[in-house]
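The task is simple: from the sequences and hints, build the whole structure.
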Amino acid sequence: MPVIKSAKKKLRADARKKIVNLKVKTQMKSALKKFAANPAREVLAQAYSALDTAAKKAIIPKGRANRKKARLAALLSKSSKSKPTPPKNVASKKRRSTKISSQTR
Numbered sequence: 006m007p008v009i010k011s012a013k014k015k016l017r018a019d020a021r022k023k024i025v026n027l028k029v030k031t032q033m034k035s036a037l038k039k040f041a042a043n044p045a046r047e048v049l050a051q052a053y054s055a056l057d058t059a060a061k062k063a064i065i066p067k068g069r070a071n072r073k074k075a076r077l078a079a080l081l082s083k084s085s086k087s088k089p090t091p092p093k094n095v096a097s098k099k100r101r102s103t104k105i106s107s108q109t110r
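So for the sequence shown, this note's numbering puts the first residue at 6; every next one is plus one.
Simulated from the structure, these hints should not be mistaken for laboratory data.
Cβ coordinates follow ideal geometry from the N, Cα and C atoms, glycine included.
Since no wrong hints were added, every one of them can be taken at face value.
Dumping the calculated DSS-like pairs for lysine-lysine here, alpha-carbon to alpha-carbon at most 27 angstroms:
1) 28 x 73
2) 13 x 30
3) 62 x 22
4) 62 x 39
5) 73 x 38
6) 30 x 15
7) 67 x 30
8) 13 x 28
9) 73 x 30
10) 39 x 73
11) 10 x 22
Ranges of calculated distance between the beta carbons of each label pair, as one might list FRET restraints:
12) 84 x 63: 28 to 38 angstroms
13) 17 x 41: 34 to 44 angstroms
14) 23 x 79: 26 to 36 angstroms
15) 62 x 85: 27 to 37 angstroms
16) 82 x 6: 47 to 57 angstroms
The following block contains the structure:
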């Protein structure tokens, strides 16, 4: 047990921070598990948000959050490739002439 007054205060503050950090970590982990069970864009947005919040509050390093987000995005694209989507009807674009007129010189 700390003897100095500031050390006692730090102990109390650390206990409060631990509760908040644990809550954010739990939300992050549950969002990641939810995405693993159902990889979809809506769930991906929630997972991104949870990771960004944890990184912003310095609960996890910023690089770790970025790495996890990249891997989640890769997992989403991989899962969407396995499910064939019907081709979209895309109208062809008209091409503009790139001829330079003598008046613009």
